[in-house]
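Let the sequences and hints guide you as you build the complete structure.
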Amino acid sequence: MRRRLRASLALVALAPLLAGCGPYLFRESDRLQITAPANYTSVRQPLTIRWRAQDFSAPRDGRFAVFVDRDPMAPGSSIGDYAPQDRGGIYLVDGTSLRLNLLTPLTGVDPAEQNHHDVTVVMLDRNGDRIGEYAGFTEFTVEHGR
Amino acid sequence: MSQIGDIITEVESGGRRHGAEGRAAMGVTGATHVEGFWAELRRHRLTLYPVIALGLLGIVDQFQLNAYIIQGPEISRGIGMPRGVVALLVSLQGLALTLAALPIAAGVEGAPRRGLVAKTTGVAWSFATLFTGLVANGFGLGALMLLDGATSGSVIAVHQPLLLDSYPTSLRGRIVSIYRAFFEAGSVLAPLFVALLTGVFLLTWRGVFLAMGGTAVLISLVALRLRDPGYGRWDEQRLRESVRAGGAEDSGDADALRPEEHRLHFFEITRRLMMIPTVRRVLLAYAILGMLLVPLNSYFVFFLEERWGLPPNRRGLFFAGVAVFSVAMLLLSSRITERLFRSSPPGLFRLAAAVLFTGLCCIGAALLMPAFAAVFVAFGLGTGCFALVIAMVQTGYLSIVRAQMRPHAAAMLGIFIYGVGGIGGAVVLSGLDVRYGVVGSVAAVLGVGLLASLALDSVHRLVDRDLDRTVAEVVEEEELQRMQRSRARLPMLACRNVDFSYGQLQVLFGVDFTVDDGEMVALLGTNGAGKSTLLRVVSGLGLPDKGSVRYRGAEITYLDAERRLRLGITQVPGGRAVFGPLTVLENLRVYAYAYGRQKREVESGIDSAFAAFPRLAERRNQPAATLSGGEQQMLGLAKALILKPRLLLIDELSLGLAPRIVGELMGTVRSINRAGVAVVLVEQSANLALSLVEHAYFMERGQIRFDGRAADLVQHTDLVRSVFLEGASGTTLAPAT
Numbered sequence: 001m002r003r004r005l006r007a008s009l010a011l012v013a014l015a016p017l018l019a020g021c022g023p024y025l026f027r028e029s030d031r032l033q034i035t036a037p038a039n040y041t042s043v044r045q046p047l048t049i050r051w052r053a054q055d056f057s058a059p060r061d062g063r064f065a066v067f068v069d070r071d072p073m074a075p076g077s078s079i080g081d082y083a084p085q086d087r088g089g090i091y092l093v094d095g096t097s098l099r100l101n102l103l104t105p106l107t108g109v110d111p112a113e114q115n116h117h118d119v120t121v122v123m124l125d126r127n128g129d130r131i132g133e134y135a136g137f138t139e140f141t142v143e144h145g146r
Numbered sequence: 001m002s003q004i005g006d007i008i009t010e011v012e013s014g015g016r017r018h019g020a021e022g023r024a025a026m027g028v029t030g031a032t033h034v035e036g037f038w039a040e041l042r043r044h045r046l047t048l049y050p051v052i053a054l055g056l057l058g059i060v061d062q063f064q065l066n067a068y069i070i071q072g073p074e075i076s077r078g079i080g081m082p083r084g085v086v087a088l089l090v091s092l093q094g095l096a097l098t099l100a101a102l103p104i105a106a107g108v109e110g111a112p113r114r115g116l117v118a119k120t121t122g123v124a125w126s127f128a129t130l131f132t133g134l135v136a137n138g139f140g141l142g143a144l145m146l147l148d149g150a151t152s153g154s155v156i157a158v159h160q161p162l163l164l165d166s167y168p169t170s171l172r173g174r175i176v177s178i179y180r181a182f183f184e185a186g187s188v189l190a191p192l193f194v195a196l197l198t199g200v201f202l203l204t205w206r207g208v209f210l211a212m213g214g215t216a217v218l219i220s221l222v223a224l225r226l227r228d229p230g231y232g233r234w235d236e237q238r239l240r241e242s243v244r245a246g247g248a249e250d251s252g253d254a255d256a257l258r259p260e261e262h263r264l265h266f267f268e269i270t271r272r273l274m275m276i277p278t279v280r281r282v283l284l285a286y287a288i289l290g291m292l293l294v295p296l297n298s299y300f301v302f303f304l305e306e307r308w309g310l311p312p313n314r315r316g317l318f319f320a321g322v323a324v325f326s327v328a329m330l331l332l333s334s335r336i337t338e339r340l341f342r343s344s345p346p347g348l349f350r351l352a353a354a355v356l357f358t359g360l361c362c363i364g365a366a367l368l369m370p371a372f373a374a375v376f377v378a379f380g381l382g383t384g385c386f387a388l389v390i391a392m393v394q395t396g397y398l399s400i401v402r403a404q405m406r407p408h409a410a411a412m413l414g415i416f417i418y419g420v421g422g423i424g425g426a427v428v429l430s431g432l433d434v435r436y437g438v439v440g441s442v443a444a445v446l447g448v449g450l451l452a453s454l455a456l457d458s459v460h461r462l463v464d465r466d467l468d469r470t471v472a473e474v475v476e477e478e479e480l481q482r483m484q485r486s487r488a489r490l491p492m493l494a495c496r497n498v499d500f501s502y503g504q505l506q507v508l509f510g511v512d513f514t515v516d517d518g519e520m521v522a523l524l525g526t527n528g529a530g531k532s533t534l535l536r537v538v539s540g541l542g543l544p545d546k547g548s549v550r551y552r553g554a555e556i557t558y559l560d561a562e563r564r565l566r567l568g569i570t571q572v573p574g575g576r577a578v579f580g581p582l583t584v585l586e587n588l589r590v591y592a593y594a595y596g597r598q599k600r601e602v603e604s605g606i607d608s609a610f611a612a613f614p615r616l617a618e619r620r621n622q623p624a625a626t627l628s629g630g631e632q633q634m635l636g637l638a639k640a641l642i643l644k645p646r647l648l649l650i651d652e653l654s655l656g657l658a659p660r661i662v663g664e665l666m667g668t669v670r671s672i673n674r675a676g677v678a679v680v681l682v683e684q685s686a687n688l689a690l691s692l693v694e695h696a697y698f699m700e701r702g703q704i705r706f707d708g709r710a711a712d713l714v715q716h717t718d719l720v721r722s723v724f725l726e727g728a729s730g731t732t733l734a735p736a737t
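Respectively, the protein sequence lines represent chains A and B.
Anchor point for the first sequence: position 114 equals 114 in our numbering, and the numbering is continuous, going up by one each time.
Anchor point for the second sequence: position 521 equals 521 in our numbering, and the numbering is continuous, going up by one each time.
Read the hints as simulated data drawn from the structure, not as lab findings.
Backbone N, C-alpha and C define an ideal beta-carbon position, used for all residues, glycine too.
Where hints are given, some of them may not hold.
Stated by the list, open to error - Here are a few chain A residues that face chain B, going by a calculated C-beta distance under 7 Å:
no.: 1; residue: E28
no.: 2; residue: R31
no.: 3; residue: W51
no.: 4; residue: V68
no.: 5; residue: D69
no.: 6; residue: G89
no.: 7; residue: Y91
no.: 8; residue: E133
Structure, rendered in structure tokens:
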């Protein structure tokens, strides 16, 4: 009986592991990747965010949503759920790049972190709903001055 | 009376006689020699299985939190959860961990099921980790984090108490050190595992949780064979056996309380623990230590970033690396911990304080080192010292506590270090980094650590006394049981060496007070002598600072008043003990609450009260406040008729009443006593009390000044003059014969 219990527990434990070998949900994929700027780099303004996507072409399949210094919406949620006045930092893009002319220093954070920014890119379907958990992400520091 | 006194003296001398033997049974042999680890294991036919199983559970317990913290940003982006919520869930997990420890301790207090709880919770948190990889939203994630935190409470409350009972005391220090080493290893292995899964196997955060959860489930299966060997298997039980050796093995006294009737419950245990000076001092030290340990790593992260420019991945490696120091130092020092625990527990606490101070110096040095390698070594040595302190303190602290109370004691340590210290530290020290910079904030927490070191050092003055008290408790308990088995007649109530204080004001000083079954005893004394306070100690309304209260052969010193009521101790308090706004009938129903829903018992009790006091029956629907003084005392005394106690404590029944009423009430008291109920009559009026009893006590300034026949007390004119003069009744002084 005890042996059976152990075997059952082991099977339950192993099943998701096996599942983890396959689907994109459990293994890193390069379906959506930010190519520039590279993670943890310093950049000057204006700057261009570039990314690449596999099996997804905008505007044919939908659009990209770029979230600057804010968290993206949950998978399945619609971009229409954001009120118009709450869309600051969200950009809807049909191509695979976005030029940002001026990122202002963040307020309400440690002075050392004020020029530290992050960008998340997600895919939206034609209805404006987020597709899956795929997200491209980069964080960088903006250098000011000459 | 003298025979009963002899029996009590024998019980207490048993405690003293077994003192050194008892300390040895508890592991404190006084010897500095430490037996070989493997030889001891072989001698007792034990294996490393319990410590390995619990150690592995301790490691996998850290999987969830490490995976979550490291992958917080990915989780936030993946399920679209704000970063603030990600951080909030970490706090909630910590809160659940801290708060769950005590309920888990409560869950194992009745029976030895720590093994079952350890493995069940281990499997539960492993599955929580596994299913975290499958959550759909923040609510699911939050629920699993809370489940992980709550089940992890068993690590705090159950693991070490179980280990202490799984191995002989000759291995205690080393086993605790090995277990702590496992735990420290978890803080190296868990982040490395995450790094392996993400960096090499390229798993997403979901994949990481699935892999770690699956691994945790498989590892937790190793613990399925864990068993609870019973409370105090290697110390208290051995001590009991040594007391029992040679004793009569007869059937027990039918009248004696059964163990479950007087076993302490949750609140009684925690209250009892808080009355042990060593426990209080260690908890204070841990609260202060928490203010150091909980925020230290956070501040040091910023130091590494600002001073040495370390990126996140290298900072992770840094902390994994310094944990190796803790593991090595724990294993290397385990013999020292063992030797000190066996030879001198106070020395163990002094060493812990010194090691803590050394650790603080190392961390301070790490701030000033010019080379990064030196920073690494100094910080590693510092955190290693802190790991040693925890192992040393917990070895000593848990050993001076009764085995059944260890889960509660361990849970309280967790609450004080994480809850009181961690949260208190966050409140007190928040903003330091902004005001004084990173180095200033680390220096501030080191200052707090110095206070913890002083508090720990002061424990050494308390440990020996508390250890001896624990030994004496066990021995006396066993002696009482032995006497019951040999059918010796024990007094119904025996208070021994009782001290009691109201705050800083001590009121009772070493009071000895005994009442035999069915006896009526007068407790006399001047106003403020401590008579009513002694009754409060007996009835459980007040807990003594020192000494013991035994009732029907069992220790009830720390039992709740409500439970004593159920065991047959009823007090009629002085000064018209009625609820004024309630009617007479409602008052009687309130008295009868001890019967719960036994309606028939309640009604029969009320009927007998009305039969004894017809005037109460006439006024059954009248508010008690409108009764005369005598009628209110009748109502108070009716409590005894309803609850049918074995021991009735009556405080100042005659106060301010007319002699005729007093005579009437005393007639009832006499008939209650004739029915076999032992009565303690507290009176300022000696004339009255001595006319009723054969045995009398006289108290003055918190001490018993006379214990003997009532007739003899009359001869002590120096003692009784004051109370004779204050006599409330006009009854002539005529001691009962």
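Cross-check of the supplied hints:
1. The closest approach between the C-beta of E28 (chain A) and any C-beta of chain B is roughly 4 Å, which is under the 7 Å cut-off, so the hint is satisfied.
2. Here the hint on R31 (chain A) is broken, as its CB sits about 11 Å from the closest CB of chain B, past 7 Å.
3. Evaluation of the W51 (chain A) hint against chain B yields a violated restraint, the C-beta minimum of about 14 Å exceeding 7 Å.
4. For the restraint placing V68 (chain A) at the interface with chain B, the shortest Cβ-Cβ distance is roughly 13 Å, beyond the 7 Å limit, so the hint is violated.
5. Checking D69 (chain A) against chain B: minimum C-beta separation of about 11 Å lies over 7 Å; hint violated.
6. For G89 (chain A), the interface hint is violated, since its Cβ never comes within 7 Å of a Cβ in chain B; the closest pair sits about 13 Å apart.
7. A least Cβ separation of about 16 Å between Y91 (chain A) and chain B goes past the 7 Å threshold, and the interface hint is therefore violated.
8. For E133 (chain A), the interface hint holds, since its Cβ comes within 7 Å of a Cβ in chain B; the closest pair sits about 4 Å apart.
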